[in-house]
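Trainee: Residue-level listing of the chains:
Protein chains: 2
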Amino acid sequence: MKSRMSRREFIKVAGAGAASLGLSSCTSPRTAGGDKATAKRPSFVIIFCDDLGYGDLGSYGHPTIRTPNIDRMAAEGQKWTNFYAAASVCTPSRAALLTGRLPIRSGMCSDKRRVLFPDSAGGLPQSEVTIAEALKDAGYTTGCIGKWHLGHLPQYLPTRHGFDSYFGVPYSNDMKPTPLMDNEKTVEEPADQTTLTKRYTEKAIGFIEQNRSKPFFLYFAHTFPHVPLFASRTFKDKSPRGLYGDVVEELDWSVGRVLDTLRRLKLAENTLVLFTSDNGPWLSQKLNGGSAGLLREGKGCTFDGGMREPFIAWWLGRIEPRRTIQDIGSTLDFLPTILSLAGAKAPTDRVLDGVDISPALLGTGPSGRDVMFFYRGAKLYAVRKGQYKAHYITRSAYGKDQEAMHDPPLLYHLGHDPSEQFDVADKNPEVLAEIRKEVALHLANLTPGEDQLAKRISSN
Amino acid sequence: MKSRMSRREFIKVAGAGAASLGLSSCTSPRTAGGDKATAKRPSFVIIFCDDLGYGDLGSYGHPTIRTPNIDRMAAEGQKWTNFYAAASVCTPSRAALLTGRLPIRSGMCSDKRRVLFPDSAGGLPQSEVTIAEALKDAGYTTGCIGKWHLGHLPQYLPTRHGFDSYFGVPYSNDMKPTPLMDNEKTVEEPADQTTLTKRYTEKAIGFIEQNRSKPFFLYFAHTFPHVPLFASRTFKDKSPRGLYGDVVEELDWSVGRVLDTLRRLKLAENTLVLFTSDNGPWLSQKLNGGSAGLLREGKGCTFDGGMREPFIAWWLGRIEPRRTIQDIGSTLDFLPTILSLAGAKAPTDRVLDGVDISPALLGTGPSGRDVMFFYRGAKLYAVRKGQYKAHYITRSAYGKDQEAMHDPPLLYHLGHDPSEQFDVADKNPEVLAEIRKEVALHLANLTPGEDQLAKRISSN
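Same order as they appear, the protein sequences are chains A and B.
If you use this note's numbering, the first sequence corresponds to residues 912 to 1371, in order.
If you use this note's numbering, the second sequence corresponds to residues 912 to 1371, in order.
Isolated chain A (complex conformation):
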């Protein structure tokens, strides 16, 4: 803590300035003088929570939820403060993360139903290319643990989308019958949710141990803190925040176990770990829902509380510790970023909405993302460009209220006004004009996919 390296020194020592980022041999500052890391492709772990709010971690300001492991992860890595899930509800958000494409393109969002349900007949189309598929083609071992929610019929399961293995629940834990699956087989029904986080974590550790000697990709998507809330006996009734806190503190424990495993196996300097959540807190659940901190609204909503998330990136020796990143980023960016770092090919025959944010991760440049689109269902509600966010349509999270149309749109400066309280549209006509151009460009380039969420088994 005393003699911290300057940013420049860090980049030099870590070799992040080299042209072939992620592929070059590098001597980490931690192993300098010791055994040199061999030139090998990095592994990747995505830890994805369900309904965790922007304000639900100690390092993001929560006063009573204790998250020492995630906070340490942030201290050893980067903490982002303008990072977005790609949708405000589960199914579209996950589709976007795995494909790098807005869910409107894959048909994984709809104005009829907001997510997939047990009676849904749709799912992520086979034509979509997931991170797992692209990495598998490049020789990676791929594993999916946890909640899927991109189609539970056999043809849509993780094992049909590039994952070598799967262990988890196929949709949300409030949807009956909540089966637990091992690859394509249901092994428990209903799943015992009290031990889910624990069992997921054991599986994750096992996966990492098994694949220690080769490059791997683990997509670890927790079932919680989505309601109904369950914590194991070790965490039940322990948190000052009550049951919601118990559940998040068990997730924190899980994060610690995963990072400890990487350290123990000496993989920490060759593994990029990304921690975030699918959408904001489910506020209508009251004490069983989380907190968006100072952000407006929560899950289901296109105000920032619905989509801005904690995001922590960790890679010992490659990502400079103790940095707060204000660049805009999104889960949409995971695919291009990961494929770039892996030296794998991203699909070139389709529109990708993600950008490669590895320069921001490695300290060599900005994230490259300047624009973020906020969809509700299949409809574009809001657009962020730089610090400004324009709301063309607003609607409360789960209310029965009608859409409110805004012309001119509501305009907020998110740097000055992260809580989206003070409309500055009348003072910034040129900003509105710029955003209008972005929207036109976006729409001109948009071919909506076939609606997957409207399909039902009964009507199939």
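For the record, the hints were derived by calculation from the structure and aren't laboratory data.
Fair warning: there could be bad hints in the mix.
Just so you know, same-sequence chains aren't split out, so a pair can sit in one copy or run between any two.
The calculated DSS-like cross-link candidates involving lysine-lysine, where the alpha carbons are at most 27 angstroms apart (straight line), are [as the list claims (entries may be wrong)]: (1) Lys1047 with Lys951; (2) Lys1296 with Lys1149; (3) Lys1338 with Lys1149; (4) Lys1338 with Lys1197; (5) Lys1177 with Lys1125; (6) Lys1087 with Lys1197; (7) Lys1177 with Lys1338; (8) Lys1296 with Lys1197; (9) Lys1147 with Lys1296; (10) Lys1147 with Lys1109; (11) Lys1311 with Lys1348; (12) Lys1087 with Lys1348; (13) Lys1147 with Lys1197; (14) Lys1147 with Lys1338; (15) Lys1197 with Lys1047; (16) Lys1290 with Lys1096; (17) Lys1338 with Lys1311.
Go by the hints and put chain B onto chain A.
Mentor: Positioned in the frame of chain A, the structure of chain B alone reads:
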């Protein structure tokens, strides 16, 4: 970062388990094996902001205000999440901090005027004993830099309340004519506020340098981020949060300069530094006011947003780094805590409302505070006991609305519900009974002081 000491090991090495805390010779973990610290009394620095909100620092969750120095202070020390200023506006809050007594006892709160104004004839009574007076009696050099606001007539100035020296403005910076004083002399009028933070900081560094060889107490009370906002040229137009961010980022710079000075002079292991603010954010100032994060309401209000504050305690080698403390604490506790650590005597002829929280600081026990009283003016509005807070009266911060009386009181569980949203009074009659007892005990033991805030020069 790799091999952090366990809490037990830290306490052992730091010698914090010794009976004579703060007075015993101790070998710090950082200097172990090197030159041993000699047994000497610790110095104290209180850095006190004006109207900084609970959510206004990076380490407390603000997404766009950059506070790397304060965040580092938190990482090297303790970050408290249930810490309260003693009042929701300036004058009573400061009186309480310096005396360890609720302002109702010293007469430094009133139902007629909420703070002192330039036409006020009152001030902190000479009968009150400040931290400075008690430490001066114990041989400390004492300095006050910044905003005073406890009486600007000569008999109430810092130099009449135990401070050897004073440099600053005697009341809020929105009150004309805002003179700048050196000891008891006005040296600039109106004060050039653009350079105030910078000049305060230079004075603070000078004070520390001058007193490096003897125990000192510095009460460094910033003028900002109270409106009107001013930042020096170096910080103006730099923060993504706009002017408010510029101002807070300059305060952050100032904190870094003070801590660097302590490090450079090798005083860091013998100086306890306490950072906090006088009350919550002034929300009615809109973009010129701060954020209470997830807390309800702000300055002027007895909801937590009005009085809960960031509080960071830093003492290298004595306070275990990287700890989040959820114990309840208050600026009321500064006097007993500091005097205890200094081996100085606290006044015994009067009621003190503060408790010695040094066990929580040094990791040897809990803070000892279980109850917190929330006054508005001279009237008790709310009481926190443990995790529960009962509101007998509520009223919006600065609104012209009437008081709303609650019988039974509104009851919130602040652990589960830090945003004070879900009344649980009907489920917890026994908690209400406990709190009623605390109130009775408190009131039985209360003699209000003569109202100092109602006195005006014209009517004097």
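Trainee: Reference check for the pair Lys1177 and Lys1338, CA-CA at most 27 angstroms: within, between, both, or neither?
Mentor: neither (54 angstroms within a copy, 52 angstroms between copies)
Trainee: Could you figure out if Lys1338 and Lys1149 sit no more than 27 angstroms apart (CA to CA) within one copy, between two copies, both or neither?
Mentor: Between copies only: 21 angstroms across chains, 50 angstroms inside a chain, cut-off 27 angstroms.
Trainee: Under a CA distance limit of 27 angstroms, which applies to Lys1047 and Lys951: within one copy, between copies, both, or neither?
Mentor: Answer is within: at 16 angstroms inside a copy they meet the 27 angstroms cutoff, but 64 angstroms across does not.
Trainee: At 27 angstroms max between alpha carbons, let me know whether Lys1087 reaches Lys1197 within a copy, between copies, both or neither.
Mentor: Intra 22 angstroms, inter 46 angstroms, cutoff 27 angstroms: intra-copy only.
Trainee: Under a CA distance limit of 27 angstroms, which applies to Lys1147 and Lys1109: within one copy, between copies, both, or neither?
Mentor: within (13 angstroms within a copy, 50 angstroms between copies)
Trainee: Are the CA atoms of Lys1338 and Lys1311 at most 27 angstroms apart within a copy, between copies, both, or neither?
Mentor: neither (32 angstroms within a copy, 30 angstroms between copies)
Trainee: At 27 angstroms max between alpha carbons, let me know whether Lys1147 reaches Lys1197 within a copy, between copies, both or neither.
Mentor: within (19 angstroms within a copy, 41 angstroms between copies)
Trainee: My question is about Lys1290 and Lys1096: at a cut-off of 27 angstroms on alpha-carbon distance, are they close within one copy, between copies, both, or neither?
Mentor: Neither: 36 angstroms inside a chain and 66 angstroms across chains, both beyond 27 angstroms.
Trainee: Pop the pair Lys1087 and Lys1348 into one bin, within, between, both or neither, using alpha-carbon distances up to 27 angstroms.
Mentor: neither (45 angstroms within a copy, 48 angstroms between copies)
Trainee: Between copies, within a copy, both or neither: which fits Lys1147 and Lys1338 at Cα up to 27 angstroms?
Mentor: between (51 angstroms within a copy, 21 angstroms between copies)
Trainee: My question is about Lys1177 and Lys1125: at a cut-off of 27 angstroms on alpha-carbon distance, are they close within one copy, between copies, both, or neither?
Mentor: within (13 angstroms within a copy, 49 angstroms between copies)
Trainee: With 27 angstroms as the alpha-carbon cut-off, assign the pair Lys1296 and Lys1197 to within, between, both or neither.
Mentor: For Lys1296 and Lys1197, the Cα distance is within 27 angstroms only across copies (23 angstroms; inside one copy 32 angstroms).
Hints 7, 11, 12, 15, 16 and 17 from the list above are not met by this structure, while the remaining hints are.
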